[in-house]
Amino acid sequence: MTNEVVIKTDKLTKQYGDFVAANQITLEVYQGEIFGFLGANGAGKTTAMRMLCGLSTPSSGSATIGGFDIYKETEQIKKNIGYMSQKFSLYEDLTVMENIRFFGGIYGVPDKDLKERMRSLIETLGLKSEADKLVGSLPLGWKQKLAFSVAIFHEPKIVFLDEPTGGVDPVTRRQFWDLIYDASDKGITIFVTTHYMDEAEYCNRVTMMVDGYIKALDTPYKLKQQFSADSMDDVFYELARNAKRREDQL
Amino acid sequence: MRTLRFLLQKEFRQIFRNSNILRMIIAMPIIQLLVMPLAADYEIKNIRISLVDHDRSPNSQKLKNKIIASGYFELNDFNVSFDESYEQFQRNNSDLIMEIPKDFEKSLVVDKQANLFIAVNAINGTNATVGSAYLNRIIGSFNRDIRLDWITSNNSVNTATIEVSSLNWFNPFLNYPSFMVPGILVILVTMVGAYMCALNIVKEKEVGTIEQINVTPVKKHHFILGKLIPFWAIGIFVFTLGLFGVAWLVYGIVPLGSLLTLYVFLAIYLIALLGIGLIISTYSNTQQQAMSLAFFCMMVFLLMSGLFTPVDSMPEWAKWIAIANPVTYFIDVVRLVVLKGSGFAALKTQFLIISLMAVFFNTWAVLNYKKTM
Numbered sequence: 001m002t003n004e005v006v007i008k009t010d011k012l013t014k015q016y017g018d019f020v021a022a023n024q025i026t027l028e029v030y031q032g033e034i035f036g037f038l039g040a041n042g043a044g045k046t047t048a049m050r051m052l053c054g055l056s057t058p059s060s061g062s063a064t065i066g067g068f069d070i071y072k073e074t075e076q077i078k079k080n081i082g083y084m085s086q087k088f089s090l091y092e093d094l095t096v097m098e099n100i101r102f103f104g105g106i107y108g109v110p111d112k113d114l115k116e117r118m119r120s121l122i123e124t125l126g127l128k129s130e131a132d133k134l135v136g137s138l139p140l141g142w143k144q145k146l147a148f149s150v151a152i153f154h155e156p157k158i159v160f161l162d163e164p165t166g167g168v169d170p171v172t173r174r175q176f177w178d179l180i181y182d183a184s185d186k187g188i189t190i191f192v193t194t195h196y197m198d199e200a201e202y203c204n205r206v207t208m209m210v211d212g213y214i215k216a217l218d219t220p221y222k223l224k225q226q227f228s229a230d231s232m233d234d235v236f237y238e239l240a241r242n243a244k245r246r247e248d249q250l
Numbered sequence: 251m252r253t254l255r256f257l258l259q260k261e262f263r264q265i266f267r268n269s270n271i272l273r274m275i276i277a278m279p280i281i282q283l284l285v286m287p288l289a290a291d292y293e294i295k296n297i298r299i300s301l302v303d304h305d306r307s308p309n310s311q312k313l314k315n316k317i318i319a320s321g322y323f324e325l326n327d328f329n330v331s332f333d334e335s336y337e338q339f340q341r342n343n344s345d346l347i348m349e350i351p352k353d354f355e356k357s358l359v360v361d362k363q364a365n366l367f368i369a370v371n372a373i374n375g376t377n378a379t380v381g382s383a384y385l386n387r388i389i390g391s392f393n394r395d396i397r398l399d400w401i402t403s404n405n406s407v408n409t410a411t412i413e414v415s416s417l418n419w420f421n422p423f424l425n426y427p428s429f430m431v432p433g434i435l436v437i438l439v440t441m442v443g444a445y446m447c448a449l450n451i452v453k454e455k456e457v458g459t460i461e462q463i464n465v466t467p468v469k470k471h472h473f474i475l476g477k478l479i480p481f482w483a484i485g486i487f488v489f490t491l492g493l494f495g496v497a498w499l500v501y502g503i504v505p506l507g508s509l510l511t512l513y514v515f516l517a518i519y520l521i522a523l524l525g526i527g528l529i530i531s532t533y534s535n536t537q538q539q540a541m542s543l544a545f546f547c548m549m550v551f552l553l554m555s556g557l558f559t560p561v562d563s564m565p566e567w568a569k570w571i572a573i574a575n576p577v578t579y580f581i582d583v584v585r586l587v588v589l590k591g592s593g594f595a596a597l598k599t600q601f602l603i604i605s606l607m608a609v610f611f612n613t614w615a616v617l618n619y620k621k622t623m
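Protein sequence lines correspond, in order, to chains C and D.
Letter 187 of the first sequence, counting from 1, is numbered 187 in my numbering, and no numbers are missing.
Letter 248 of the second sequence, counting from 1, is numbered 498 in my numbering, and no numbers are missing.
No lab work stands behind these hints: they were computed from the structure.
A couple of the hints might just be wrong.
[Unchecked claim] Each pair of labels, with its calculated beta carbon distance range: (1) Gln15/C / Phe545/D: 32 to 40 angstroms; (2) Phe545/D / Tyr221/C: 57 to 65 angstroms; (3) Phe494/D / Gly17/C: 39 to 47 angstroms.
[Claimed, not checked] Quick list of in silico lysine to any residue cross-link-like pairs, SDA-like style, CA-CA up to 20 angstroms: (4) Lys470/D / Gly108/C; (5) Lys314/D / Arg252/D; (6) Lys72/C / Pro467/D; (7) Lys470/D / Ser56/C; (8) Lys453/D / Glu92/C; (9) Lys469/D / Phe102/C; (10) Lys112/C / Arg306/D; (11) Lys112/C / Lys469/D.
Heads up, the beta-carbon is just placed ideally off N, CA and C, and yes, glycines get one too.
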C-alpha cells in the first residue's frame with residue numbers, strides 16, 4: 001500500500017428524478033488498498049460503484065479513477081479497471097479457457113502472453129481438469145474465483161468487486177479472500193462491497209453508506225473505537241438501524 | 251480488428267454450441283419450404299355443394315354431372331327441398347347450395363331461358379367467392395353447350411359468343427410453388443435475421459454479461475458488428491439452403507435472373523433487417539419483451555408485404571405501410587429475379603430503397619444503443 005491516490009471522488013451524486021441514490025460521495029482510495037464499501041440493501045453502494053466503473057454517468061460531482069477523468073476519459077478508465085458484478089457474468093456456454101481467452105483478448109492482452117498467462121492462471125486456480133468444461137457446469141464457489149481471476153487477468157490498477165462472495169460457503173470465501181490479498185500484494189487496488197462483517201475486518205479501510213450518504217470512513221479498528229463497539233457487526237447495526245430507505249424503494 | 255476477431259470467435263462458438271439455433275437454421279427452412287407451399291395454395295378444391303333438384307330432367311342431370319366432373323366440387327348432399335340444404339349450410343357442412351327450379355328444362359326449351367339459384371356460405375370468404383366463380387363458369391359453359399346443340403340441330407339464329415383466352419406469363423401454369431416458394435424464403439430469412447439477432451442481444455442483457463462487456467474497452471461499433479456479422483452469415487446460409495436445397499432440388503425452381511443480383515440484394519436486405527433486430531433489442535430488457543415486440547413487427551411486415559395479397563389492391567393507408575416495409579421489396583426482388591429473370595437495371599429503385607433503409611435502421615439502432623450504455 002502506497003500513498004498514491006488511485007480513486008478520488010468529490011461530491012459525486014446520482015439522482016433519478018427526485019430520488020438521490022448516491023449523495024455527494026467524497027472519498028479517496030490509495031493504491032494497493034483493500035477498500036471495503038458497506039451499507040444496507042438499497043443504501044446506494046451499487047449505484048456508486050457503477051458510476052466509478054463508467055457503467056452509469058454521475059448527475060453531478062467529479063471523480064478521477066487511476067488519474068483519468070470520469071466524464072471525459074471513460075475509455076482510458078475501462079482499460080485500467082476490472083469489474084466483477086453481483087450477478088455471475090462470465091459466459092456459461094463457453095469453457096473456462098474460452099472465457100479467459102475472450103476477456104483477455106478484448107482487454108488487449110497480447111497473443112504471445114495470452115497462452116502463458118492462461119496456463120499459469122489455470123494452475124493457480126487448480127482448475128486444470130476443468131479447463132475445457134463449460135463454465136455453467138462449475139460449482140458457484142469456483143465460478144466466483146474464476147470471475148475474480150478474469151477481472152484481474154489484464155492486470156488492471158483497480159478492481160471493483162460487487163458482493164463477490166454472496167451465497168458462497170465459508171471455506172470458499174476464505175480462499176476467495178486469499179486471492180484478494182494476492183492481488184493487493186501485486187499492487188492492485190481492491191474496491192469491494194460486502195454484507196459479511198468478518199470480511200469488513202479484512203479490509204484496510206471501510207466506509208459505511210446509509211441512505212445514499214457516506215456516514216463513516218476509517219480503518220475497522222478506529223471505527224470500532226469511535227462507536228465503542230466490539231465488532232464491525234455492532235458498528236454496522238449502530239449506523240444502519242436509523243436508515244429510512246428500504247430496498248423496495250430502488 | 252483484433253477485438254472484433256475475439257468477439258466473432260466467441261459468438262460463433264456460442265451459436266454452434268446451441269442446438270436450438272442449429273435446429274432453427276437447418277430444419278426450419280427445409281420443413282417450412284416443404285410444407286407451406288402445399289398448404290398455402292390459392293387454388294380451391296373440394297368445395298362442398300348441396301344440390302336441390304326440383305326438375306329431375308335430362309338437362310338438370312347433365313348440369314349436375316358437369317359440375318361434379320369439374321373436380322372442384324364435392325357433392326355434399328342431394329335434397330328434395332331447399333330447407334334441407336339450408337340445414338346443411340347452418341351446420342357448416344356445405345359451402346354452396348344450387349337450386350334447380352321445377353320446369354328448368356321446359357323453360358330452357360320453350361322460353362329459351364331458365365333461372366338457377368345459387369346460395370353461398372360466406373363464412374369462409376375465399377371458398378365462397380372462388381366457388382361461386384367456378385360455378386358460374388361451369389354454368390356458362392353448360393349454356394354454350396346447349397346453344398351449340400341447338401345451332402347444329404335447328405340451324406336457327408346464330409348467336410355469337412366471345413371467349414376470352416388468357417396466357418400467364420412468367421409462371422405459365424400458375425404453378426403455386428413457384429409463386430409461394432420465393433415468398434416463403436423471404437419469410438424465413440426475415441424471421442431468422444430479426445428474431446435471432448434481437449433475442450441474442452437481449453439474452454446478454456438478461457443474464458448480465460452485457461454489463462461485463464460494457465466495463466471493458468470494447469467499442470460500441472465492435473460489439474454491434476460482433477453481433478451483426480454472425481447473424482448476417484446465418485441469414486445468407488438459410489437463404490442458400492432454401493434456394494438450392496429445397497426450391498431447386500424439390501420444386502425445380504431455378505432462378506432465371508442473375509444469382510449475383512439476388513445475393514447482393516439479400517446482403518443489403520439482411521443489414522437492414524438486423525438493424526431492426528438491434529432496434530428491438532435496445533427497447534427490450536427481457537427476452538419476453540423482445541419476443542413480443544419482434545412478433546408484432548413480423549406480423550405487420552409479413553401481412554403488409556404483398557406476399558399473401560397484392561399491394562396494389564390494398565387501401566391507400568395500407569399501401570403506405572407496404573412502402574415503408576423492407577419485406578415488400580425483398581419479396582418483389584426475389585420474385586422478379588427468380589421467375590422473371592430481371593436484372594440489376596430493372597431493380598435499381600428497390601436497391602436504392604433497401605440501402606437507404608439499411609442506413610436508417612442501423613443509425614437509429616446505434617444512436618439508441620448509446621443511451622443504454
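Now for the hints, and whether the structure bears them out:
Here the CB-CB span from Gln15/C to Phe545/D is close to 37 angstroms, well matched to the stated 32 to 40 angstroms. Distance hint check: the CB atoms of Phe545/D and Tyr221/C are about 60 angstroms apart, consistent with the given range 57 to 65 angstroms. With their beta carbons about 56 angstroms apart, Phe494/D and Gly17/C fall outside the hinted range of 39 to 47 angstroms. Proposed proximity of Lys470/D and Gly108/C is supported: the alpha carbons are some 16 angstroms apart, at most 20 angstroms.
Between Lys314/D and Arg252/D the alpha-carbon distance is near 77 angstroms, which puts this suggested pair outside the 20 angstroms criterion. Under the criterion of a C-alpha separation no larger than 20 angstroms, the hint pairing Lys72/C with Pro467/D is consistent with the structure, at around 14 angstroms. With a C-alpha separation of about 15 angstroms, the suggested pair Lys470/D and Ser56/C falls inside the 20 angstroms cut-off, and the hint holds. With a CA separation close to 12 angstroms, the supplied pair Lys453/D and Glu92/C stays within the 20 angstroms bound.
Our distance criterion of 20 angstroms between C-alpha atoms is met by Lys469/D and Phe102/C, whose separation comes to about 15 angstroms. Distance check on the hinted pair: Lys112/C and Arg306/D sit about 96 angstroms apart at the alpha-carbon level, beyond 20 angstroms; violated. Restraint check for Lys112/C and Lys469/D: the C-alpha separation of about 23 angstroms exceeds 20 angstroms, so the hint is violated.
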